[in-house]
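There are 4 protein chains.
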Amino acid sequence: MKNTFGSSVQITLFGESHGKTIGAVLDGLPAGIPVFPERIAKQLELRRPYGKISTGRVEADRFEIVSGVFEGKTTGTPLCIIIPNENVQSGDYTLLRSVARPGHADYTAYVKYHGFEDYRGGGHFSGRVTAALTAAGAVAIAALQGKGIRIGTHITRCAGICDRGFVDMKEDIGELNGKVFAVLDEKAGAEMQEAIRIAAKEGDSVGGILETAVTGVPAGVGEPWFDTLEGILAHGLFSIPGIKGVQFGAGFDGTDLRGSEFNDPFRMEGGQVRTLSNNNGGINGGITNGMPLLFRCAVKPTPTIFREQKTVDFRKGEDAMLVPKGRHDPAIIHRARVVVDSVTALALCDLLAQRYGTEGLGGTGCFTD
Amino acid sequence: MKNTFGSSVQITLFGESHGKTIGAVLDGLPAGIPVFPERIAKQLELRRPYGKISTGRVEADRFEIVSGVFEGKTTGTPLCIIIPNENVQSGDYTLLRSVARPGHADYTAYVKYHGFEDYRGGGHFSGRVTAALTAAGAVAIAALQGKGIRIGTHITRCAGICDRGFVDMKEDIGELNGKVFAVLDEKAGAEMQEAIRIAAKEGDSVGGILETAVTGVPAGVGEPWFDTLEGILAHGLFSIPGIKGVQFGAGFDGTDLRGSEFNDPFRMEGGQVRTLSNNNGGINGGITNGMPLLFRCAVKPTPTIFREQKTVDFRKGEDAMLVPKGRHDPAIIHRARVVVDSVTALALCDLLAQRYGTEGLGGTGCFTD
Amino acid sequence: MKNTFGSSVQITLFGESHGKTIGAVLDGLPAGIPVFPERIAKQLELRRPYGKISTGRVEADRFEIVSGVFEGKTTGTPLCIIIPNENVQSGDYTLLRSVARPGHADYTAYVKYHGFEDYRGGGHFSGRVTAALTAAGAVAIAALQGKGIRIGTHITRCAGICDRGFVDMKEDIGELNGKVFAVLDEKAGAEMQEAIRIAAKEGDSVGGILETAVTGVPAGVGEPWFDTLEGILAHGLFSIPGIKGVQFGAGFDGTDLRGSEFNDPFRMEGGQVRTLSNNNGGINGGITNGMPLLFRCAVKPTPTIFREQKTVDFRKGEDAMLVPKGRHDPAIIHRARVVVDSVTALALCDLLAQRYGTEGLGGTGCFTD
Amino acid sequence: MKNTFGSSVQITLFGESHGKTIGAVLDGLPAGIPVFPERIAKQLELRRPYGKISTGRVEADRFEIVSGVFEGKTTGTPLCIIIPNENVQSGDYTLLRSVARPGHADYTAYVKYHGFEDYRGGGHFSGRVTAALTAAGAVAIAALQGKGIRIGTHITRCAGICDRGFVDMKEDIGELNGKVFAVLDEKAGAEMQEAIRIAAKEGDSVGGILETAVTGVPAGVGEPWFDTLEGILAHGLFSIPGIKGVQFGAGFDGTDLRGSEFNDPFRMEGGQVRTLSNNNGGINGGITNGMPLLFRCAVKPTPTIFREQKTVDFRKGEDAMLVPKGRHDPAIIHRARVVVDSVTALALCDLLAQRYGTEGLGGTGCFTD
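Residue numbers (my numbering), protein chains in the order written: chain A, 320 to 688; chain B, 320 to 688; chain C, 320 to 688; chain D, 320 to 688.
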């Protein structure tokens, strides 16, 4: 499957940082889902570099839907979105043909592709490709909204500074989706941005943790073995550049708890089964229990920094030193959150389609009844 | 794909806790891999309940390889291992047909399968099914050993007590693989076991964190998008009951670091490209870099406890109280580690087969050249 | 995927002709489908050797459902059926370790599995494995019956003798499903059987053509590219040993027609869209049009014959002569038809589940509304 | 998987007849395969309408490789080729929004996509999409050529007129690959074209049979169950519009033979195992035996004809008459053969990659040793 993700609803990514165009093919969505170009544009805008805490490479992201949409709605056949690369300065990268940037895929790409890889700007490994993922994700997000499902991600921690947690989940999600720097507590957000600016000034970079909540997912979605909701989501999330950890509910922090503290007691609430806590992140035995999904992703500090680093010239097989040039982000966490939402939406569309069929996921589908 | 995992090498699980038999079909392994029943038996033994810190249900795990092995070696066609259930006391569970155990899949199974699920002992969701996964994993582990790849997992934290980290990785792995309670520091291990016994006495349970190291994986394995090594491994690992988090290298702990601290500088070492630290867990851009793989799994405290808990009767749709009976583990972390090794081996066999082919993974395969 | 077939509903086969047991894992079926062991037994009986026109190896086919069925209904989790091999005479086959039977997989298995294959009785390539496929197929057939879908296959041609075509499709299908030698015209059937007996007496074998009709499949099932109904069905059908051709509707015979003759004109009939002819076999653009599915499979003459044949000793790399011993069928076409029905049912369950979801395929599913 | 085909090497198609652009994403090919735009152009030219026996819609097929090729060679990451639609006359098709062309997918698309489909010119079902398949296939063909594998397809029968069979297979294949109307006997070809012209004049269309030979495929490729070489090839071939039958070797014609006539005796020839006949089409038990692959595809007569036909208005649910307008082919068989070659190449790349890995399929791969 490789660069394709999903079974019933699936996405295929293509493109390189400095190539002609990047893009995504989204297949398996039901026909009739409204596609609003402005919503795609909005998501791309949220993913774009922002202020002084991002790279100087700003792309207009002039996307074009070249198939799969007719008269403003999905046709049910593959939807291809392409985004031409416009602001490309390839001269910056020629050095990287042989000198590996620590923390980057330069060396692993070289080993895997035997030197035939497009090394410019990270090639196919570039975060640039997430623009295509974001555009496709925007369509999946719209499909889920039609079923009452909402996704929201905030920067729960960045440079050691913590945001507040979700309180009123629906309201919080609504607010997050309009924000460029997605935090629930603006004061914490301001501190984080200041920390990013300081790191940038020092030629360094920061990482952080994203927390995502999803409301409205019906109970009963996911499989007991292998295609658990956790497994499918994590499979997708780990391909977002820089993500090195995924945890659901209390996750690692919950491992010191006793069972009596961790277990989420069930209660009836308005005729619905609910849990009093949500340490399991809305998932029991790999399957949704009707509570909000809750998970966190660890985003490592951006690997490209403007400091001298030890490395190797992998073509010559000898030690080397590197001071990267070019345009890079001192932090990507605020941009990554849009990509997390996209992958989440795609994974959920896939699992819902497994259970309810393409028909069920569609406008007249039976699962909202 | 559901209960099947893998693309080139794949495993399919079947069976229920109190059914006739559980089992696994392992397909796509090359022909000619030696299958030593005693090694399978050894892994099953490591997975079996242990002393006073485990359930009273002890199964002999009399496995039988019913296909795919001929004259002591894999034939290359599907290998099916079955393990009959022998020590079954189904009377214990009838209550659970309607009263959900908090933290368990009773309720989600009911919603997903509309009440047709085999609810006895957790049915298909039971940790019992991991015996089949362990047996199949033992074959995959042997296949990897033939290629010089070694996997070792230890309990890095349990009930708040920490084990020491890996020092001499090869030696540490070797030692771990013989241990029933896999820790590197026996003193820490004794404390952990004592903590488990205390929790058990209080009718409660504990969780912890497993850390896994894999040596000998060649550089260049994994895909840039979606089928990243992290994504594939996490996909498999999250189906192990109780695992709620997976992180690679420094993972969540590394998110407060600066890029200059997190990045793993490259250096030549004996003609080989190595990194001076391993915060990326041996993976850059989703692809192995030749360093040991390093990752951790969060194991939540065992959900079944012997204390009264709030819950619901989901058939009646009303609140209920539960004091579980039956036989359960106050901790599963020491048993789960065998399963983690198994899933890791299966995932690696799959990715290696993608890159080097069934042929390459075989005895005369080209990737060890 | 290899020995696994299907995406939403999938089957995995295992076992060898002279191994311990053969079996199948059927995954993805909805919960609550009644499983009648007598129906499985009936299908296995229809597949079993029959009278003087079949092999002397008669297996009792004592199948056992070891998972996935609880209180007489599917649980929704993997259903594993195993069938022990009982009547095994392995001495017959030792010669075949090095001398290839023409038309068989002895040589190709040797090349593929480097001599590690279980060569006894064809090993995993044996028609014996179709017993497991038949047992699993019986469950899929029952699932489809619950949705009003009926499958029937007859021997439309054997040893040059033709059966009559379908007239009243529902009645014809009903009749076929009770027959051991499935023809619509009993006189033609008697002639075919006589021809088989004559071939057998001469140490030779015959082939033929199977024709399958399926009624009740709703319009709109299948995908435009790659996962066309034809493509999915053919994918499965070609793994039935001996099948060398698959055609839909008029197939090869229709290629001399003009478009004006071939096209199936549409007409309204009782408020339903129907076609006046069915040269397209119920499929337009890879998708069902609501007419009965109609396709034919070419079954080559059984390769094992009792005549001296030129061959090679592939281990020595030299020419050899072969007079096979053992027990074999002078015809398999009458047995193969049960397997064709099984594969058809499995493929349709998969495609219906893609469209209507596991939920839609279930008892309360929405697609019969 | 839907609009994606393949496991290790896979293709995803997108686009509609009258949309912005059609295209294909080809993933899983090894890095370093030379990509000659002129060879892609050549294949597209062979697929393009030809003389008076084809549609008046002639597209320049100005393809663009937007990713996956760097410095003239594959990078190993997804290769996307797009082909803009230029010569579009959508006015011709508005009638088809409600009146089904017999033999076409208008009605089935409507049922499947609930009226949201792009109905213009057949939308995603259009033969136009095969241009993208052809372009991607050209790359796969080049990859196979690097391994000594050659594919050739001729029109073995058209409008009842027969071409001669393969004699010197390598020479014949070489010749075919340069021909616009691919026959081995030019006289037969001239007669076929005359028959097509006559049919065209009468407002009608013809069909035929394509025969494909592949040389150089090593023995041992394919799987015993489900992913047989026949099954995988047929899966792909049946998605080519108009193909209604696929048979290997003697296929349907061989079903009247006795086993003693059909079986292909093995013989040693220059140290290699060969068969004296090739009724099995180079495949035993689903796996290549080292002989040339040989198979035939039934191509139905082009459904669009210029005669009045009975049909329905599916939106109104009433009978209707249709005289299609627009531009169409009286025959597509000469164009379809390029697509058959493409699908064949893609399927073989996939199966070879399964066996030998991405590495084995690459330039320095081990399977040519």
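Mixed in with the good hints, there may be bad ones.
Because identical chains cannot be distinguished in the list, a pair is counted as satisfied if it fits within a single copy or across any two copies.
Simulated pairs of lysine to any residue, SDA-like, Cα-Cα distance not exceeding 25 angstroms [as the list claims (entries may be wrong)]:
no.	residue 1	residue 2
1	Lys629	Gly434
2	Lys520	Ile384
3	Lys339	Pro403
4	Lys339	Glu378
5	Lys520	Met587
6	Lys392	Asp638
7	Lys466	Gly682
8	Lys520	Pro356
9	Lys339	Lys392
10	Lys489	Gln591
Keep in mind the hints are simulated off the structure, nothing from the lab.
Taking the hints in turn, this is what the structure says about them:
1. Lys629 / Gly434: Cα proximity of Lys629 and Gly434: one copy only (21 angstroms, versus 50 angstroms across).
2. Lys520 / Ile384: Neither way: Lys520 and Ile384 sit 39 angstroms apart in one copy and 40 angstroms across, limit 25 angstroms.
3. Lys339 / Pro403: Intra 6 angstroms, inter 15 angstroms, cutoff 25 angstroms: intra and inter.
4. Lys339 / Glu378: Close inside one copy (13 angstroms) and across copies (23 angstroms); limit 25 angstroms.
5. Lys520 / Met587: For Lys520 and Met587, the Cα distance exceeds 25 angstroms both inside one copy (53 angstroms) and across copies (31 angstroms).
6. Lys392 / Asp638: neither (55 angstroms within a copy, 29 angstroms between copies)
7. Lys466 / Gly682: Answer is both; intra-copy 8 angstroms and inter-copy 23 angstroms each pass.
8. Lys520 / Pro356: Intra 37 angstroms, inter 46 angstroms, cutoff 25 angstroms: neither.
9. Lys339 / Lys392: Answer is between: at 15 angstroms across copies they meet the 25 angstroms cutoff, but 27 angstroms inside does not.
10. Lys489 / Gln591: Within one copy, since 18 angstroms is at most 25 angstroms while 45 angstroms is not.
In terms of the numbered hints stated before, the structure departs from hints 2, 5, 6, 8, listed from lowest to highest.
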